[in-house]
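Assemble chain U onto chain X, guided by the hints.
So the protein sequences, as listed, match chains X and U. Per our numbering, the first sequence starts with residue 1, numbered consecutively. Per our numbering, the second sequence starts with residue 230, numbered consecutively.
Hints were generated in silico from the structure; no laboratory data involved. It is possible that part of the hints are untrue.
Unchecked claim - Cβ-Cβ distance ranges computed for the label pairs, FRET-style:
| # | chain 1 | residue 1 | chain 2 | residue 2 | range |
| --- | --- | --- | --- | --- | --- |
| 1 | X | 131 | U | 944 | 40 to 46 Å |
| 2 | U | 577 | X | 130 | 53 to 59 Å |
| 3 | U | 628 | X | 23 | 49 to 55 Å |
| 4 | U | 628 | X | 16 | 52 to 58 Å |
| 5 | X | 10 | U | 238 | 31 to 37 Å |
Small disclaimer: the values here were computed from a predicted structure and weren't measured. The beta carbon of each residue, even a glycine, is placed where N, CA and C say it ideally should be.
Here is what each chain is made of, one letter per residue.
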Amino acid sequence: MIEFKNVSKIYQVGDQEVVALNQANFKLEKGKLTIILGPSGSGKSTLLNILGGMDRPTNGEINFDGQAVANLSDRGLTDYRRTKVGFIFQFYNLIPSLTAVENVAIAAKLTNNDARSVEYLKQVGLGHRLNNFPNQMSGGEMQRVSIARALAKQPELLLADEPTGALDSKTSLKIMELLQQAANDQDTAVVMVTHNPTFEQYGDQIIRLKDGQIDQIYANDDRVTLGEA
Amino acid sequence: MKYLNRKLRRDVQRSWSQFFSVFLMAFLSILMFVGLQGSWRGLEVSLNQYINQTHLANYWIQATNVTDNDLDKLKSLSGVKRVYSGTRLQAKQGSRQIIVDTISSSANKLHVVSGQKVNESTNGIWLNYEYAKAHHLKAGETTTVKYGGQAVKLKIAGIVQSSDRIYFTGTQEYIAPNYDNYAYAYISNQTLRTQFHYQGPQNIVEIRGNHSHMRSTIEKTFGSRLVTYYNRTTLSDVSNALDRVGQIRNLSYLFSTIFILLAILAMYTTIQRLIADQMSEIAVMKALGISNRQLGWHYGSFGLLVGGLGALAGAIVSPAISWFVLSTQQMMFSIPHWTIAYTPISLVVIGCVVLICVLAAYWAAHASMQGLPAKFLRGETESHVHHITLERMTGWWNRLSYAVRWAIRDVFFNKSRVLMGIAGVTGGMMLMIAGLGTPQSINHLVDKAYTQDFTYAKRLTITNYQAYQQAHPNQGQWVQLNQAHYSKDDGYDRLLMIISKGDYVNMKTTDGQSIQKGGIYVTQGFANRAHIKVGDRMDVKTTGLDHRLRFKVKGIIASETNQGAYILNTTWENAGGNFSPTTLLVGKNTNYDRSAVSSTIKISSQKQNAYDFVNNLMSIFALIIAFAVLLIVIVLYNLGALSFTQRARDYATLSVLGIRRNELRNITFVENIITTLIGWLIGIPAGIWFLGQYVSTFSTLNLVYEPYYNWITITVASVFVWVCSLSTTFMISRRIKKLDMVQALKGVE
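Here chain X stands alone, though its shape is the one from the complex:
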């Protein structure tokens, strides 16, 4: 469904060219959770920015259900993010002056789906926190609001940037469970970027990055599914 063909990103830093991503080739499929692993500076963020339509590659092609994304205009990229991509941030990025349900609704409205905002919050277990502001919630709860906000757009591609980076291990597992559910129940391609290798076991596909290059890509046939009895 999403295909990267020889995608590279080169930054000009002073007189030097820095290759942040080099000749990346991979496919992402709907209903699957892909974990992108790699240490700092491996190109994870660059890959995520390009996948999310926040940046353009220097070379290569990106096909999203047959549509070329790489050379879209600014407006085209905005529409791409608006209609196809959901985003979960490491630091939640909730609007402080909006309640949980309003934070979800402001994004859901983009796809005329705001009537179901409450439903999404209930789905992530926050039915009792609808009218709470971000500062009245824990980190885990804020991240769940962030997930509900991403899901409310009914995206075909859900990107999660270190979504457990600021959370304890127990809460992190809860978040992983929600991401797996998003992939399975909503038939969404979920991509999670992390430097923590312990999350490898929960993904359907693993992409390992090293020094801007894809070091390994493999399917995880022994995926651990969370939340199953």
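Just chain U now, with coordinates in the frame of chain X:
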């Protein structure tokens, strides 16, 4: 600290475009304050020097006859240093009027611009500088003046300036100097006798020194012989100049206060925005072990450097403004030597502006310096968000879009930012309404005076009322102007205008009534100063009358000019007063007897003269409006930019979520509208109040300026402030275009 100083220098260089607004604010506020101070203080110093060097008299008396006995009485008064007496003649040069005084009468030493020194032994005439200049007359030339039907040929002995004619209008019918048509001149007693063949008594006295009961003493001494009595406050030729010092000073303080307040706002918001961008740097420096004190000094130095440079530049350029304003005054005031001067308050204000910049920078950084560095490196921000009272109106609240709810809550949770925004818009409205309304108020005074209050075409001076009235009955409206001492007053003699029935004096009372029989009508400015009310009893003693007449105050006249009282001649005569007017007001098509007229003044020339007076101040208003416009734009843009900076991460997040640029712009628009609306609503009454305060500073003893504004004033001020305020949204939309979405993926920095 060496490296922090380097960082300071490089930060300022790198972000100069942002620091420029702080620089500009400091520059403008100092330029405005110090520039205007240079003018008023310069005018004050120039005047004082002139007054002191020429030994300006303290009192001026005109009487039908001055005797040696009168002079002896005056000389014996406590506090009186010298008494001078002489003769004043009214001569003509063509249609132009010349007031000729004998040298002996002048207490003040005349300033000789060219020609011979003023002395009793020289035959000839010393003409005033501005008149000579207007008619290209030079010392040594011969000129002819007409007096009492005879042509007197005189050598121009010199060209002079007199300190008791600093603001010489020639006649009280004009409010601005009219050097083209009115002159003053001096001659020796010998010339008076031999050339003018004047054999009459002396009629003027000038007194140097102060006596506490001079007014009553003069009245007692001269009795019915007294024609006019003035002191430095009431002699408009002098008082207008002294008043102008106060007017420019008040203008400087009033506007500069608002200016500096808005400048503080701009400086605080700019520095706060810049320091908000440096949160992570502050955290890093703290993590490296730099103390809060060092950080406080470092960030305070931003204010010191930029504010200091701005204030310094303002102080350097301010003499140009001082000279510019003084040059506009040189057209009005006759002073030989002009200078600009400053008081230590300028230094205090410069110091205050710089200190405010330092404190603004320090306080802006202060919040970032509190707490442990990890807090900032982690990206934690404090939040005190909760539901607001408005949300209880659920029906209304739920109908609002999320963007509007967000903006409304932000208004409540960012009170200081919003209050600054409101203050910025309110200040902008105040400056605009006052800036536009003041010239409008002065123009209104002129328009009202010469199109509503007085509707004659010409005012004629006729010396023989009885004869003219018999020969030409009902030809116009007669007016007798007298200086009068009112029983209840504010300490000064004022005009009494005794008018016959007619259509050319249309003063209306505050409740819209015309002047009727049966009482006296007091002008509003005089009534306010002397606490006179309708129904009061008032004693009136005009000069030339040796007893008081009592009248009931029948109405308060809503007039800004000629502060004094009006009365119908029939009422005056019924009470025992004598009606012998010398002024006849006539209409455009009145066919009057020219042979009986000694001088004519057209209302159009009076009106033009009044507009000259307005135009003389217009350049100062234009300057203030231009500065105000610049200030408003900077303040409002800064506030918009600050709001954007504080919400940049939220906007980046929304941008990542797919919200379009125009949708983001609409969100910034909502908060802007709330702030502008509140500021605008407060700004309208505040601006009207400020206009009232402001125009009142221009009021003098005889002219009372009332604030005048109409829907155009409010509309222009409103449109300007709204356009400025809302256009910041469009300027911000350019920043939205450059919004770095990747920052949404990082912690708060």
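Going back to the hint list, which numbers does this structure go against?
none
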